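Enquirer: Those protein sequences? They're chains A and B, same order as listed. Sequential numbering from 1 applies to the first sequence in my numbering. Sequential numbering from 1 applies to the second sequence in my numbering.
Just so you know, the hints here were simulated from the structure itself, not pulled from any lab data. Note that the structure is predicted; figures quoted are calculated from it, not measured. Careful, some of the hints might be misleading.
If chains are identical, the list can't say which one is meant, so a pair holds when it fits in one copy or spans any two.
What the hints assert, rightly or not - Straight-line alpha carbon distances no greater than 30 Å define the calculated DSS-like cross-link-like pairs of lysine-lysine that follow:
1. 122 with 165
2. 158 with 107
3. 158 with 110
4. 86 with 110
5. 158 with 122
6. 86 with 122
7. 165 with 107
8. 86 with 6
9. 110 with 81
10. 160 with 107
11. 104 with 31
12. 26 with 160
13. 81 with 158
14. 31 with 110
15. 160 with 91
16. 26 with 91
17. 6 with 172
18. 26 with 122
19. 6 with 169
20. 110 with 6
21. 110 with 122
22. 104 with 160
23. 86 with 104
24. 6 with 91
25. 6 with 158
26. 160 with 31
27. 26 with 165
Number of protein chains: 2
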Amino acid sequence: MKTDLKSEVLTLRLWRQLYQTYTLLKLCENKTVEEYGLTTEQYAVLTSIGYLGEPARITDIARWLERSTNSISMIVDRMVKASLVKRTRGKDDRRVVYVSFASKGQKAIKPATRAMFDVVRKILLPLPHGDRISLFNLLGTVKYEMLQYLNPGIDVEKMKRDESKQAAKATKWLSSYGLPSIPQAKRQSGKKGRTTRRK
Amino acid sequence: MKTDLKSEVLTLRLWRQLYQTYTLLKLCENKTVEEYGLTTEQYAVLTSIGYLGEPARITDIARWLERSTNSISMIVDRMVKASLVKRTRGKDDRRVVYVSFASKGQKAIKPATRAMFDVVRKILLPLPHGDRISLFNLLGTVKYEMLQYLNPGIDVEKMKRDESKQAAKATKWLSSYGLPSIPQAKRQSGKKGRTTRRK
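If we strip away everything but chain A, and leave its shape as in the complex, we get (with noise of 0.2 Å):
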């Protein structure tokens, strides 16, 4: 019953969709970090070191956020300047550069992850848990399709196991920047987490 056509133009319609949803998505992140005197790419290099633990190194800060090692560069170049982030060279090996946390982005990284927080939640709650898992898995495939155009050969298995492992990370680093939905002192008590959800 569908045509070629209909078929099609739901691709591009979808194709389309993707690059909308981005577009906003960047909107949202920008309203909220500027705010904190952020921009988003500022913040995106925040939250990596914060994630992938202090000292960064600037190639793992890159890999993470899906970007160049020299576009990070150029990024952190003005976070030094700016009193965000530090850089350092490795003791071993100085050609490896590292990245921490300056007295601006040590301040700026809570408040604006918090408030960050609260907006991904307010746009991706309304949704129910279970479009959210379906939309995670579908975007999961569509994801593994691009990589394996961008990079043929890729091992797929393996990339999915590493974001297991990234999954459970997140979850350590959530939980010390404090959700505001879970009360303190149920979180310090070791009751991770064990309230009715929200909403």
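Dock chain B against the given chain A, drawing on the hints supplied.
Expert: Just chain B now, with coordinates in the frame of chain A:
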């Protein structure tokens, strides 16, 4: 059964999934259009002109690409120098800037678009038709949540109606560009897309 923390982690992972998907989409686009001497931004401007019709108002291109008029103006400046587009002013209102194809842009847009279609198909067609519809709709929900966050009080229903109109226009535009999966002869005889579904 679901803890707050699990729900929070899913939400944040979904946000990152959206981010990653787009980053990869951009890389796929880049890999494709650079073979035609275009950047993804230039390609986006060219397709906007194709979609909106020549000459296209720079403000309409900016709206279609969800970018500021300023940033599109800067891209267009470089594209004029590269003989990709021509810029004209409105006869009645000199403040209105129009953009149309120049020689190189006209020459590149068709093969680049066909190549892009092929990549989009390659990446999205492995998803069953129903999954593509689900993904489209789920992204739509997220998109409208973001639009409401960015513009409180926005008329979402009107935007949805506008999107349907755009879809009709996209179908027309798509036919004019030729779909490799639909034999040329069939399309020209008026039996648009009435072939059996590809694959």
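Enquirer: How would you label the pair residue 26, residue 91 (within, between, both, or neither) given a Cα cut-off of 30 Å?
Expert: Close neither inside one copy (37 Å) nor across copies (36 Å); limit 30 Å.
Enquirer: State whether the alpha carbon distance between residue 26 and residue 160 is at most 30 Å within one copy, between copies, both, or neither.
Expert: Classified as both: same-chain Cα gap 25 Å, cross-chain 21 Å, threshold 30 Å.
Enquirer: Classify it for me, residue 104 with residue 160: is the Cα-Cα distance of at most 30 Å met within a copy, between copies, both or neither?
Expert: Cα proximity of residue 104 and residue 160: none, with 35 Å in one copy and 42 Å across.
Enquirer: Between residue 86 and residue 6, at a C-alpha cutoff of 30 Å, which is it: within one copy, between copies, both, or neither?
Expert: neither (53 Å within a copy, 33 Å between copies)
Enquirer: What label fits residue 165 with residue 107 when the C-alpha limit is 30 Å: within, between, both, or neither?
Expert: Answer is within: at 28 Å inside a copy they meet the 30 Å cutoff, but 47 Å across does not.
Enquirer: Should residue 31 paired with residue 110 be assigned to within, between, both, or neither, using CA atoms and 30 Å as the limit?
Expert: Answer is within: at 16 Å inside a copy they meet the 30 Å cutoff, but 37 Å across does not.
Enquirer: How would you label the pair residue 6, residue 172 (within, between, both, or neither) given a Cα cut-off of 30 Å?
Expert: Between copies only: 11 Å across chains, 45 Å inside a chain, cut-off 30 Å.
Enquirer: Tell me, please, which holds for residue 160 and residue 31 at an alpha-carbon limit of 30 Å: within, between, both or neither?
Expert: Classified as between; 24 Å across copies, 32 Å inside a copy.
Enquirer: If the cut is 30 Å between Cα atoms, do residue 6 and residue 91 qualify within a copy, between copies, both or neither?
Expert: neither (59 Å within a copy, 39 Å between copies)
Enquirer: Within, between, both or neither: how does the pair residue 122, residue 165 come out at a Cα-Cα threshold of 30 Å?
Expert: So residue 122 and residue 165 pass the 30 Å test inside a copy (27 Å) and across (29 Å) alike.
Enquirer: At most 30 Å between CA atoms: does that hold for residue 81 and residue 158 within a copy, between copies, both, or neither?
Expert: neither (38 Å within a copy, 46 Å between copies)
Enquirer: At most 30 Å between CA atoms: does that hold for residue 86 and residue 110 within a copy, between copies, both, or neither?
Expert: within (17 Å within a copy, 47 Å between copies)
In summary, the numbered hints that this structure violates are 2, 3, 6, 8, 10, 13, 15, 16, 22, 24.
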